[in-house]
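Based on the provided sequences and hints, a complete structural model is requested.
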Amino acid sequence: MRKQIALYAAQFPSPGCCTAEGILCAGGDLLPARLLAAYSRGIFPWYGEDMPLLWWCPDPRCVLPPDAFHLPRRSARALRNHPFELRMDTAFSRVIRACAAPRRDSEGTWILPEMIAAYERLHALGYAHSVEAWRDGELLGGLYGVALGRAFFGESMFHLCPEASRAALAGLVAFLCERDFLLLDCQQATPHMLAMGAREIPRKEFLALLRQAVPVPDPEPVSQLPWRPWRMSFRHDAALGWLPDER
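Going letter by letter, the sequence shown gives residues 27 to 273 in the numbering used here.
In short, the hints are calculated from the structure, not lab data. C-beta atoms are modelled at their ideal positions from N, C-alpha and C, and glycine is treated no differently. Be aware that one or more of the hints could be misleading.
Per label pair, the in silico range of CB-to-CB distance [to be verified]:
#, residue 1, residue 2, range
1, Leu269, Glu231, 32 to 42 Å
2, Ala265, Pro78, 48 to 58 Å
3, Asp93, Trp256, 17 to 27 Å
Put into structure tokens, the structure is as follows:
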């Protein structure tokens, strides 16, 4: 698959060819190798129903440096008083489907059935991951994204009760810091993320940071990818941090 990733990566246009909105190109498919090639170059898919598959690399780019993350005081206080149980990769399919569910402030969703299937394939390969906030055995919030090298590309989050998605994000940041990740990509700025330490940076700066975090695929076929997937679930312990989930 490494040879395929390198081939697909070379097929994408230069990010400098993007439209003002950040659209780079259209077409292709959502096969794992193409998705991994796209993320390795800072490109992600985003489109709606009855639209072609669109690939984006916006300028500016919203990122959250893991060491810059902070919770608003009200959220931090609420999570101390009513903590969630945090897990990783124990309910990926439920999380991505919850993220795709209709929302009051949106007319539709870009997480279409073929998008769900594509990221479930990436999850099975060990590249797409979910962070989940549970309470009393009920999944109340979470997020999902793609991890390559020392970069995590956030895709979407959801919550069914206040602070659940923030709890999942706080857990993700702790996981990334424990493993010396350099980059948490938020793609586009929202007030929700900016309030927790995210910032917009020029695309050129983002791509330079990405090159530090994600090795460039080698065109020569070898047995190992330049980034290692993980295929285990985790649970968060308040005292010990993230631990392998042996349940």
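Fill in: Hint numbers not upheld by this structure, sorted from lowest to highest
none
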